[in-house]
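4 protein chains.
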Amino acid sequence: MKVAFLGLGAMGMDMAANLAKAGHAVVPWNRSRKTLAGFGDAPPPLAGSIAAAVRGAEAVISMLADDRAVEAVVADGLLEAMGPETVHVSMSSISVAAARRLAEAHAHRARAYVAAPVFGRPDLAASAKLWIAVAGDDASIARVRPLLQAMGRGVTELGPEPWHANLVKLGTNFAIASMLETFGEGCGLMRRAGIDPKRYVELVNDLFQSPVYASYGDMVAEGRYGPALFRAALGLKDMRLVLQAADEFGVPMPIASLAHDNLMTAVAKGPDDQDWTALARVAQERAGLD
Amino acid sequence: MKVAFLGLGAMGMDMAANLAKAGHAVVPWNRSRKTLAGFGDAPPPLAGSIAAAVRGAEAVISMLADDRAVEAVVADGLLEAMGPETVHVSMSSISVAAARRLAEAHAHRARAYVAAPVFGRPDLAASAKLWIAVAGDDASIARVRPLLQAMGRGVTELGPEPWHANLVKLGTNFAIASMLETFGEGCGLMRRAGIDPKRYVELVNDLFQSPVYASYGDMVAEGRYGPALFRAALGLKDMRLVLQAADEFGVPMPIASLAHDNLMTAVAKGPDDQDWTALARVAQERAGLD
Amino acid sequence: MKVAFLGLGAMGMDMAANLAKAGHAVVPWNRSRKTLAGFGDAPPPLAGSIAAAVRGAEAVISMLADDRAVEAVVADGLLEAMGPETVHVSMSSISVAAARRLAEAHAHRARAYVAAPVFGRPDLAASAKLWIAVAGDDASIARVRPLLQAMGRGVTELGPEPWHANLVKLGTNFAIASMLETFGEGCGLMRRAGIDPKRYVELVNDLFQSPVYASYGDMVAEGRYGPALFRAALGLKDMRLVLQAADEFGVPMPIASLAHDNLMTAVAKGPDDQDWTALARVAQERAGLD
Amino acid sequence: MKVAFLGLGAMGMDMAANLAKAGHAVVPWNRSRKTLAGFGDAPPPLAGSIAAAVRGAEAVISMLADDRAVEAVVADGLLEAMGPETVHVSMSSISVAAARRLAEAHAHRARAYVAAPVFGRPDLAASAKLWIAVAGDDASIARVRPLLQAMGRGVTELGPEPWHANLVKLGTNFAIASMLETFGEGCGLMRRAGIDPKRYVELVNDLFQSPVYASYGDMVAEGRYGPALFRAALGLKDMRLVLQAADEFGVPMPIASLAHDNLMTAVAKGPDDQDWTALARVAQERAGLD
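Keeping their order, the protein sequence lines are chains A, B, C and D. Numbered according to this note's numbering, the first sequence spans residues 347 to 636. Numbered according to this note's numbering, the second sequence spans residues 347 to 636. Numbered according to this note's numbering, the third sequence spans residues 347 to 636. Numbered according to this note's numbering, the fourth sequence spans residues 347 to 636.
One thing to keep in mind: the hints can contain errors.
Chain copies aren't distinguished; within one or between two, either way the pair holds.
To be verified - Listed below are the simulated DSS-like cross-link pairs for lysine-lysine, each with C-alpha atoms no more than 27 Å apart in a straight line:
#, residue 1, residue 2
1, K615, K475
2, K583, K615
3, K583, K544
4, K380, K475
5, K583, K348
6, K348, K380
7, K583, K367
8, K583, K380
9, K380, K615
Honestly, the hints are just simulated from the structure, not real lab data.
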């Protein structure tokens, strides 16, 4: 399948490489220059423009930093370069509002659009073990399903409204942020009481038995807040988007407010390259620790 | 091993039965009359008093409702009936303050005392799959370890201070309460946005891969808040004990405050037999749902 | 002074009438039909369009519901109708972002613009006892100062950046919302403890000696949550704008989050005409009261 | 009237002196040595014991640091030294639980007891401008009313249950703490936005017109967090007592939780002699300020 891949950041590079490994003809594009390290000996050439990448592709995958980056790609000629059979698979983590605007822009030009945000950090992107939530019209999803399967370990369908997938993605990051704050508060209590926080997070995970709890719990218990696997500033952006959706739909989400606020504090005080686990550091600083 | 077992509630009955199944000579006692259903065809007779149960036992296990119930057992002659070789294994979920008072009372009379709170609900008690955290002096722990192994699937040692085990137990229940509030907020958002909350909790658990997330997530997504596996009133008690410890050690725990407050609301408004998952119901009621 | 007055709602009508009483030549305009009850026997005729109202005026005062209403007035020809000497006094409670866009739009066309949000509800508007915060260039402020004095009991200057006045206005409404939540929590505690909440709010105000505490305290203690003097939905809008500014400037404001969330709950559950004091009702409902 | 005065701290010294100035025969007692500076040229001698101070007195006033200090005075023979006509006026800020225990202890020995906590800091104690809330049986209150009037500018009666007065006192301190957090959050926002926080607190008080807002607002806007007029550690104690009562009566008080937590952070990080306004400093530190 001929696939234009827009956005070769920490996640996108490996996702595109996995598509190439699965035999798809990937035409990569990135706004800035990139060396295609992950593609093996004969990497494909970087397309010179969005239009050049997209023209003739059966699918376009975009994996970009935020609302603005995705909307800039649309403004720079994506829709005009798509054919009537091309499907745009938007995999970036974006706001509900931007997701709706994108769907409208595609519908306006009768172009196919599905949202397919991914769950997992760069290590899972590299090993093709992402989980993917996809939403949009059935026919378009069916056409791009092989691509999704080449990048992830599982795909969940969430119905015809693309933005639903983006909201569920935000809701999942909210659950991780809540776990980080929880570890921060709990480890703060244990440390102040003279108990090794590592034993605490181990016991919590003897109960939960979750690899996510295991890896994040260790980071918090050991005070490893960087270098970032997922930057605090990006975590803050996601909590902001959660709260925007919560406000739109009238749902009080006090833990999301708390995570948002602690990430603001982390960003105000911390180094640029801190992981969003730093919100657990902020929770402990409130107890005068560290 | 001859074991006095004090407290035959929803948890204790099955724990005592598992000890009997493992070949220990269990002498059960309960403050009120009980039928020993779980012990098979030839259940042991209920001891007529604490002293009668404890006299001659190598170990005493107490599994009682709260601080007051444990302290009442001590007040009613437990220490006087224990011999110099008897080890009291206190498995109840109690406060840090009560745990310290118990340790002092035993030390004062030179009686052996270890704390061994359990992780898991009645279904895990029945299948001997509890996780147990134990703290106290090494020699005492070594003597009662076979008993712990007969009741659980794993044992974590937490050093010589018995109350450390109680605090870790509270910290683990705090982590569950935080997850419940998180599910409540997240499901509230999804429902208001027109997304099936079951798909949301499934996707969260595709990420976390935790049996605890799976079972509690289903309960919240389906609105099953009773009959109680762990009553809201008991969850409230535990959050109160977490906050007392947080106050003693100077650690702000805003999620614990939130969980405590929502459980107060649940208890004020809800039926007596509601599960502590009801705190997720309260989170959704704030959005005008249900 | 010839003054175009745009927006004759609950506040604007009386403010415009007070200008007329002070001898100014007021040309009123409103998007929908209005009877000019407050202007005495010979009310001025309603202008047929924004342009008709503004043309030839020395000052334009806008007093409108929200960002959108103010921006609609600009879109409908306000700037084109203003002369180089006309000063636009924007008195609406709007967002920091909208306030900046307005300032830029005026600067782009070299038209004079000051922000002058007001403090007080309709009763103070009627008695010309509003407090007014004004920000913008000195010369423009000097020209419209007589108008401000005719509408209020005091004017505070906040420097050259118009949006500063809007942010301070939002910060003041935040302080009132916080007081309402405080009264809600405090009265909830007193009621549950069997103490008359009226005695509580009286004692609080024996200490604070504030007419604002006196009037709002009575409302909360007596459970008077409507008809609205300031609608809950408008209070919610203001808390949303506070939180947007807090997010932009990186300032955690947990009480603003709490007030926002409780107002969402109030709006989700309550009647349309409830006052924003209803956030104190929500605080008490959490205790199972009412 | 012959009055034993127990407790000559920052408040008690001036209160006792005001009683002496009003012509009462004050017999002062303090646990540690004190120089009676406030009593003018001929200060009364310090009683050598509680019993010596109390014997023969028509009234006993206690003005002590906390629950423990008050209960120590009772344990040291207060009740035994009181006659059947003596009224004990307990003016300390204590917990609801201690207030109830005191009332029971007096009832058990048929001694008269009223609670009369005071509102105001040492400056108001010196100028006899405290506000006093009194609760207890009518006859006892009537007998000590002249004493209360000599120490304050007003007295509010709160019915027959002494502890009601203590709870209202705590509820009033809660209102002040909430105002401090509000000023902290608001000033943080203004500072980050480039607005002078003094102009903000002035405008807030142009609205509220409260001397309490004026003086505390200035302290926060100017960053004056010490030396303490009311120590952060005492403010923390009071918020703890508020939350204990909130828990007993089932009332979620999220602002009290927030104030409690910020005071814990202040105490963990700050100097010993910081005022409880430091909770506003903590609120601003969350924004990376200072």
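Alpha-carbon proximity context of K615 and K475, limit 27 Å: Result: close neither inside a copy nor across copies, 34 Å intra and 43 Å inter.
Status of K475 relative to K380 across identical chains (alpha carbons, at most 27 Å): within (24 Å within a copy, 52 Å between copies)
Within, between, both or neither: K583, K367 at alpha-carbon 27 Å: Intra 32 Å, inter 51 Å, cutoff 27 Å: neither.
Same-copy or cross-copy closeness of K348 to K380 [CA-CA at most 27 Å]: within (21 Å within a copy, 63 Å between copies)
Same-copy or cross-copy closeness of K583 to K544 [CA-CA at most 27 Å]: Answer is between; shortest inter-copy Cα gap is 26 Å, intra-copy 29 Å.
Copy assignment of K380 with K615, given that the CA separation must stay at most 27 Å: neither (31 Å within a copy, 47 Å between copies)
K583 and K380: within-copy, between-copy, both or neither at 27 Å Cα: Answer is within: at 25 Å inside a copy they meet the 27 Å cutoff, but 45 Å across does not.
Identical-chain pair category, K583 with K348, by Cα at 27 Å: So K583 and K348 fail the 27 Å test inside a copy (33 Å) and across (48 Å) alike.
Alpha-carbon proximity context of K583 and K615, limit 27 Å: For K583 and K615, the Cα distance is within 27 Å only inside one copy (17 Å; across copies 30 Å).
Violated hints, in rising order: 1, 5, 7, 9; the structure is consistent with all others.
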